[in-house]
Amino acid sequence: MSDSPAIVESHNPAQQHHFADMEQQRQAASLGMWLFLATEVMFFGGMFCAYLIYRYWYYPEFAAGSKTLDIWLGAINTGVLICSSLTVALSVRAAQFGKRKLLVTLLVATILLGLVFLGIKGVEWASKFEEHHVPGPSFHFEPTAHSHPNTKIDPQRIQIFFSLYFAMTGIHALHMVIGVGLFAVLTFYAWKGRYNSAYYTPIENAGLYWHFVDIIWIYLFPLLYLIDRKK
Amino acid sequence: MKMATAVHPVPERENYLNQEYGVRSWLLTTDHKRIALLYLASITFFFFVGGFFALLIRLELLTPVGDLVQADTYNKLFSMHGQIMVFFFLVPSIPAVLGNFLVPLMIGARDLAFPRINLLSWYLFIIAGILMMHAVLTGGVDTGWTFYTPFSTAFSNTKVIEAGLAIFVAGFSSILTGLNFVVTIHRMRAPGMTWWRLPLFIWSMYATSIIFLLGTPVLAITLTLVIFERAFHLGIFDPTRGGDPLLFQHLFWFYSHPAVYIMILPSMGIVSEIVPCFSRKRIFGYSFVAMASIGIAVFGFLVWAHHMFVAGMSIYAALIFSFLSYLVAVPSAIKVFNWTATLYKGSITFSTPLLYAFGFIGLFTMGGLTGLFLAALGVDVHVTDTYFVVAHFHYIMVGGAVMGYLGGMHFWWPKISGRMYPESLGRLAALIVFIGFNLTFFPQFILGYLGMPRRYWQYPPEFQVLNVLSTAGSTILAVGYVLPMIYFLWSMRYGKHAEPNPWGAAGLEWMTPSPPPTFNFEETPQVTWEAYDYGNIDLPKEVPVER
Amino acid sequence: MFDNFPLWPARASTTAGNVDALYIFLVVLSSFMSVAIFLMILAFAARYRRRPGHTAEQIEGSTILEITWSVIPFGIFVVIFVWGAVIFFQERTPPRGATEIYVVAKQWMWKLEHEEGHREINELHVPVGRDVKMILTSQDVIHSFYVPAFRIKQDVVPGRYTTAWFRPTRPGTYHLFCAEYCGTQHSGMIGQVVVMEPSQYESWLSGGGTAGSLASTGQTLFQQFACSTCHRSDTQGNGPNLTGKFGKPVLLEDGRTVIEDENYIRESILNPSAKIVAGFKPIMPPFQGMVSEEQLNALVAYIKSLSENPSGPAGSPTMLPAGTQPQAPKAQ
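Sequence order for the protein chains is A, B and C.
Under the working numbering, the first residue of the first sequence is numbered 1, with each subsequent residue one higher.
Under the working numbering, the first residue of the second sequence is numbered 1, with each subsequent residue one higher.
Under the working numbering, the first residue of the third sequence is numbered 1, with each subsequent residue one higher.
If we strip away everything but chain A, and leave its shape as in the complex, we get (with noise of 0.2 Å):
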């Protein structure tokens, strides 16, 4: 990697002055990009390990819990969230081969699928909402129609489920906002026609983070909404 002057290079316009070339550049932001998705699962993990050690003394009511949730709209945005990594593995394919129109266009696709997305999650929020499902004062919950008739709901440890259900999508709802105006920023230059083949790299490492975000709701899916659905 060092400085050779015999060679003559072309500067790409977007290599950076203090990096010796765009490989050095590329490998850098890539690693960074890594880097900072490790630091999200350590803050994730954070709120995984509480779920996991409240599911273990609450099973019953976390059962119960769940049961709330409605599963059907859960899948769909599952779904919603799968095709979207489609779309962005498309753009980051179809920056690498430089065509400006279909990445565009996948960018676009993957913005409006994180809005269906978070529209989902608004309605299940909603509906949490007008069940009185919300932890605090005007917490209610009515064991009979979501549990066992032998089961006896604790309506505190309920409550735990219910804080921990908000609080990670919640937060993973705040992730997707994030990666949608990551993707409107990346469209406009997209638009631009700033990234070709030679320089894709952000439309990679923001495929990266919406990668992830994806993943985290992949295991928040089942842990939420999958507890004891057996019947």
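Don't take each hint at face value.
Estimated spans, in silico, between C-beta atoms of each pair [as the list claims (entries may be wrong)]:
1) C:G244 x B:P460: 43 to 51 Å
2) A:S138 x B:A472: 50 to 58 Å
3) A:I76 x C:M290: 37 to 45 Å
4) A:N196 x B:I537: 46 to 54 Å
5) A:I76 x C:Q90: 53 to 61 Å
6) C:T173 x B:D67: 19 to 27 Å
If you want the ones that stay clear, here's a sample from chain B, every Cβ over 10 Å from chain A, calculated [stated by the list, open to error]:
7) M133
8) F155
9) M291
10) G504
Calculated from the structure, these hints are not laboratory results.
The model shown is predicted, which means the values in this text are computed figures rather than measured ones.
We put the beta carbon where it would ideally sit given N, CA and C, even for glycine.
Here the structure of chain A is known, so what remains is to put chains B and C in place on it, guided by the hints.
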């Protein structure tokens, strides 16, 4: 081994300081050296705010009764002292000031991997600082820096949410710094600068950054959950709502224990630079010191519950964490022995940086040894939550980390500012700090074993004599800290101009002018020599500056 | 200011001596190591200070030395660990037959209740030479029960019981501190432990008026809250027979086996659906919010007393009469 050609100073002595003037050129800079100075100003401010609270605490503790401030005020004082000193001074200090300045220089790079993210991290720090100061000035926080639940979530009436948010943002700032360092060290080393030729300061920055990246996010989510609990009535940590207060403690300490290694590893790295230079020989056991840094970072993640031996954990958990805590003490011991052995058969010059390094080694040894007391389960039951713990961690944080920081500031001041500080004042300040420090904190070991609990606004009269000694020491310590502030500022105008390498030190940073030009190196250095190559004929046999 | 200037805490329990022994060993070891390092640094600094004609000798290192000064310290650390662990085990294992004191901490005072029913605030009277086991809980935030003279400390956590024990060895009055920051008057939550000669203690006990023993209070509550309707002393009740079960394993509906201890009883009163005994239905209503900490303590004491049969083989010495005689309801 012949070294590559040293970089010749730029004729006009244009450097990073005078390259551009004006507020915008500073506030929108992406130069890692300028960002380091922005951080220097900010953390110094917080050091004095936190220090001011400490003085008030010590003044109150002159007498057994609470007669200076009210109980609630006192509780806020120690809480804010801890939060500000930990999150707004100790954690950022060396990485964000000396790390930012030196990492690219030491590895032969033109800047960090992500200069704009570097500037962003400073702005995040400032936003965090504003939030914190706002919380401080509009009522304060009284939860202790540890935010234990359910007190912090359901009982305290103070600015818990705001302080929690401030620390969250500060944490994010430090994550970005750590990210920058790891990528830079991996990807931007100059040709020939292999991992085993890196200065030990870089190894310690690397180890610290691993902790930044893996530990800080857990603090972030823990504080987030506390904020949610206060704001939205969640009950995750509240036993009256099905939650578990011990879960908070586990999550909190999972970060906060590694955090103490964030606070000490960089200082150790500085000592590893200073001791070889002023003994004129390579460090003893380079690879062991490097690996010890990584070892401390890794093992540091495995011992968090040694803060919870009396919290209500099972005996078996306590046993495991006690054992692991002894494991983590070994790499630190290795370092102390290696530094001492480096002095053997050296040729030693007693400059100010070396005096601080000696202070570090001695006081860190004492602080570290008292850690053995705390890791011993039977003894910990008696001394945990007493002044013994307070003394222990101040020996490490102040006697260790701050002395290392000051040693580093003196060592690299000529490079940073282009000026020499007055050496005799430097030595005097080091001595004052050493004396003041010991007088302040040694009595607290005795107080702790006697049974004086920490965070006490009033105390039984038989503890007074030791408290008076401690307060007396703190005033001396304060003088020792104010002195360098004054003469560093003085030197920027009136200090002697510095040579590129006033100490005759090894390291790429010394092969640039003092101060360096904006892009550090005219040509990328080609490294063909080992670290601490003091036997090489290109480096002077003795420290050149006449002392 | 100089009248009372102790440098070492009083030693007033069986644990204190053990803790002090390890502490002194650590002090000696640390002093030795610190002095050794200091002296070596000073010696090297003096001997190898720069002088004309002398150059530094470039020494890489020595793997042997590195291994030596890693292994030997680690060996010493293991010794310290084991020593500390042994003391800790003793500290955390209350002896059988210890007198039990129920402690409720709240902001900002200690409420202590003897089995016989004596209630104390911020003070605890105990006889010298007798094992005392404390069962502690908090009404609000985390506190910590700390008696430096006994070298014991135990965090007191809301929502559950923690335990601690000691055996006092010297009569006297000793500080009781709260050692976990708990708000405004954390440093005001100071009390004392008064250790008396056994004869003095007996007269202190018979002196004050009591509301009846803790267990008898518990028995009253047991009837007041209609527990006896389902928890009969035969096998016909809707709930398990509670006699003779304390300290023994319990088989639960879900297949788990747990030991019936104070925390189990407490949980079963507050959140009965958490652990259903095998063969029974989950029909017990939860008493969360309907019973105070002191009432809980009394109920726990009563249920424990059902396992202390003087003529039975269980063997643990009885401190109070088994609750076979219902007493007149007392105001709580």
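Going through the hints against the structure:
1. Checked against the hint of 43 to 51 Å, the pair G244 of chain C and P460 of chain B passes, with Cβ atoms roughly 46 Å apart.
2. As the Cβ distance of S138 of chain A to A472 of chain B is approximately 57 Å, the hint placing it in 50 to 58 Å holds.
3. Take I76 of chain A and M290 of chain C: their Cβ atoms lie about 44 Å apart, and the range 37 to 45 Å holds.
4. Range check, N196 of chain A to I537 of chain B: about 52 Å between beta-carbon atoms, so the 46 to 54 Å window is met.
5. Checked against the hint of 53 to 61 Å, the C-beta distance between I76 of chain A and Q90 of chain C comes to roughly 60 Å, which is consistent with it.
6. For T173 of chain C and D67 of chain B, the hinted distance range of 19 to 27 Å is satisfied, since their beta carbons lie about 26 Å from each other.
7. No beta-carbon of chain A comes within 10 Å of the beta-carbon of M133 of chain B; the shortest separation is about 26 Å.
8. Distance check for F155 of chain B against chain A: the nearest CB is about 17 Å away, which clears 10 Å, and the non-interface claim stands.
9. Its beta-carbon lying about 22 Å from the closest one in chain A, M291 of chain B satisfies the requirement of being farther than 10 Å from that chain.
10. With a least beta-carbon separation of about 28 Å from chain A, G504 of chain B lies farther than 10 Å from that chain, consistent with its non-interface assignment.
Checked against the numbered hints listed earlier, the structure breaks none of them; every hint is satisfied.
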